[in-house]
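Using the sequences and the hints, build the whole thing.
Using UniProt numbering, the letters of the sequence shown map in sequence onto residues 1 to 433.
Honestly, the hints are just simulated from the structure, not real lab data.
Predicted model, so just to flag it, every value in this text is computed and none were measured.
C-beta: ideal position from N, C-alpha, C; glycine also.
Do not rely on the hints blindly, as some may be mistaken.
As the list claims (entries may be wrong) - Simulated restraints, written as ranges between beta carbons of each label pair:
no.	residue 1	residue 2	range
1	Ile36	Ala188	23 to 33 Å
2	Ser136	Gly78	26 to 36 Å
3	Asn354	Gly78	32 to 42 Å
4	Leu417	Glu242	26 to 36 Å
5	Arg166	Gly78	25 to 35 Å
6	Ala188	Asp15	26 to 36 Å
7	Ala209	Ser372	19 to 29 Å
8	Pro425	Ser405	17 to 27 Å
9	Glu28	Thr161	35 to 45 Å
10	Leu287	Lys428	40 to 50 Å
11	Leu417	Ser136	27 to 37 Å
12	Gln92	Asn155	18 to 28 Å
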Amino acid sequence: MLLQFSVKNFRSIKDRVVLSLESSEKKEHPNNYAEIEKESILKSVAIFGANASGKSNIFLALTAAILLIRKSNERQIGEPLGLIVPFKFDKQTPSQPTEFEFVFWAEGKKYVYGFSATVKQIITEYLYVFNSSKASTIFERDEHGIEDEHGNRSNEKYKFTIPSVRSKLKPLVERNSTNKLFLATATAWNFEETKAPMMWFMHSINTYAPNQYVNLLPMTGELFEHDDDQSLRAFVKGVLKEADINISDYEFESKDIPVEQFTPVQIPVRVGTRPEMKGKEYRITALHTITDDEGNTQNYPLEMQSESLGTKNLFFLSPIIKRAFETGETVCVDEFDTSLHPMLVVYLLGLFHNPEVNKKNAQLIISSHTMSLLDLKTLRRDQIYFVDKDQSSGITELYSLDDFSPRTSENIKKAYLIGRYGAIPVIKNSEAL
Numbered sequence: 001m002l003l004q005f006s007v008k009n010f011r012s013i014k015d016r017v018v019l020s021l022e023s024s025e026k027k028e029h030p031n032n033y034a035e036i037e038k039e040s041i042l043k044s045v046a047i048f049g050a051n052a053s054g055k056s057n058i059f060l061a062l063t064a065a066i067l068l069i070r071k072s073n074e075r076q077i078g079e080p081l082g083l084i085v086p087f088k089f090d091k092q093t094p095s096q097p098t099e100f101e102f103v104f105w106a107e108g109k110k111y112v113y114g115f116s117a118t119v120k121q122i123i124t125e126y127l128y129v130f131n132s133s134k135a136s137t138i139f140e141r142d143e144h145g146i147e148d149e150h151g152n153r154s155n156e157k158y159k160f161t162i163p164s165v166r167s168k169l170k171p172l173v174e175r176n177s178t179n180k181l182f183l184a185t186a187t188a189w190n191f192e193e194t195k196a197p198m199m200w201f202m203h204s205i206n207t208y209a210p211n212q213y214v215n216l217l218p219m220t221g222e223l224f225e226h227d228d229d230q231s232l233r234a235f236v237k238g239v240l241k242e243a244d245i246n247i248s249d250y251e252f253e254s255k256d257i258p259v260e261q262f263t264p265v266q267i268p269v270r271v272g273t274r275p276e277m278k279g280k281e282y283r284i285t286a287l288h289t290i291t292d293d294e295g296n297t298q299n300y301p302l303e304m305q306s307e308s309l310g311t312k313n314l315f316f317l318s319p320i321i322k323r324a325f326e327t328g329e330t331v332c333v334d335e336f337d338t339s340l341h342p343m344l345v346v347y348l349l350g351l352f353h354n355p356e357v358n359k360k361n362a363q364l365i366i367s368s369h370t371m372s373l374l375d376l377k378t379l380r381r382d383q384i385y386f387v388d389k390d391q392s393s394g395i396t397e398l399y400s401l402d403d404f405s406p407r408t409s410e411n412i413k414k415a416y417l418i419g420r421y422g423a424i425p426v427i428k429n430s431e432a433l
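Structure follows, in structure tokens:
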């Protein structure tokens with residue numbers, strides 16, 4: 001489970017912002033958090049804010065950090081780190097590194113992993129593990145030289161404090177390069193202590209872009225294709241029924257296609273240029289049960305591409321949610337409520353709070369404009385975050401509703417709309433038109 005994510009100097013984020021899923025001591029909505037080793041961790045967080053305030057940049061930062069980790073071993077020597085985009089509206093920040101940090105639980109242990117990087121290289125990197133209440137250093141890295149307790153820098157760029165770790169990891173330093181993350185390199189060489197955190201980044205946290213349901217096809221298509229026990233079909237049909245969408249069932253077909261026949265609507269399973277490489281073409285048909293005037297029912301097929309945007313978004317999001325419940329992963333979705341009814345958004349979020357459904361403590365992090373979520377009967381105060389941008393400086397800020405210490409009886413929606421918490425657009429009159 002993710003406890004905390006922080007980022008600095010990325011797009012509109014100049015100063016360090018922190019998204020924390022560590023719950024406060026308040027005990028309302030006990031199903032909305034999980035207990036792990038005496039730590040209370042939120043199962044969901046909803047982020048609100050005006051358009052162009054920087055909400056999407058929080059999700060882009062998560063995506064950039066995760067992909068930089070996952071793709072590290074694929075980078076060639078000297079290849080730039082293209083996902084690094086520093087804050088532009090300042091004289092110093094474009095040349096300064098972007099910083100990312102994750103605090104998370106993986107395989108029964110708590111880890112802290114972070115790194116900073118420019119477009120050209122990794123500057124710092126560190127991995128700590130909590131085997132007790134105190135953190136132990138697995139490794140630290142600094143391209144400017146490791147600092148001692150007095151602030152003096154040495155010529156050594158890597159630090160290993162545990163003798164057994166040092167003997168195994170030090171030989172791998174020469175196998176790493178300045179544009180690769182040591183976490184990925186050490187794991188590739190089968191170092192046991194980095195496997196759990198690396199696998200967490202590979203499989204247990206995922207981000208998803210908004211609006212275009214077709215973007216989910218490479219992931220959900222495979223889930224549909226391998227639904228041998230029909231459990232996914234049952235889940236999707238159940239969600240559609242709860243949403244009051246008249247789809248009684250669906251038909252799914254897939255076929256391999258050679259790379260030379262790719263078109264924009266045909267999604268490659270993997271990227272490559274080998275002649276034998278194949279992609280997948282998916283065909284999904286929704287079945288609508290219609291009752292005529294005489295009371296007779298019949299199923300009518302309709303291509304999924306002809307369904308409404310909301311239906312398509314819900315249909316292709318459902319397998320991702322089901323997989324999260326099976327694996328306990330952290331799902332991050334920007335603009336989660338795109339074309340979804342507010343009541344449906346509340347319902348889907350509620351699934352993550354239902355211990356009978358979410359048995360492995362999966363997490364959902366979303367950005368939203370759904371005002372019905374601004375209700376302390378649905379979410380805790382520490383589950384609601386706001387993003388605001390200072391228009392004079394262009395700097396994005398992230399902060400929690402809990403910082404304002406509102407009463408549990410307070411009308412959060414009303415207070416937000418009148419500007420008590422910021423993060424709303426300032427609508428001017430039409431004189432500028």
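Tested hints:
1. Ile36 x Ala188: 23 to 33 Å: Between Ile36 and Ala188, where Cβ atoms are some 29 Å apart, the hint holds.
2. Ser136 x Gly78: 26 to 36 Å: Holds, since Ser136 and Gly78 (Cβ atoms, about 34 Å apart) stay within the stated range.
3. Asn354 x Gly78: 32 to 42 Å: Since Asn354 and Gly78 have Cβ atoms about 50 Å apart, the given range 32 to 42 Å is violated.
4. Leu417 x Glu242: 26 to 36 Å: Holds: the Cβ-Cβ distance is about 29 Å, inside 26 to 36 Å.
5. Arg166 x Gly78: 25 to 35 Å: Because 29 Å falls inside the window, the suggested range holds.
6. Ala188 x Asp15: 26 to 36 Å: 34 Å, holds
7. Ala209 x Ser372: 19 to 29 Å: 24 Å, holds
8. Pro425 x Ser405: 17 to 27 Å: Given range 17 to 27 Å: holds, Cβ gap about 25 Å.
9. Glu28 x Thr161: 35 to 45 Å: 41 Å, holds
10. Leu287 x Lys428: 40 to 50 Å: Since the Cβ atoms of Leu287 and Lys428 sit about 49 Å apart, the hinted range of 40 to 50 Å holds.
11. Leu417 x Ser136: 27 to 37 Å: Since the Cβ atoms of Leu417 and Ser136 sit about 48 Å apart, the hinted range of 27 to 37 Å is violated.
12. Gln92 x Asn155: 18 to 28 Å: 27 Å, holds
Hint compliance for this structure: hints 3, 11 are broken, all remaining hints hold.
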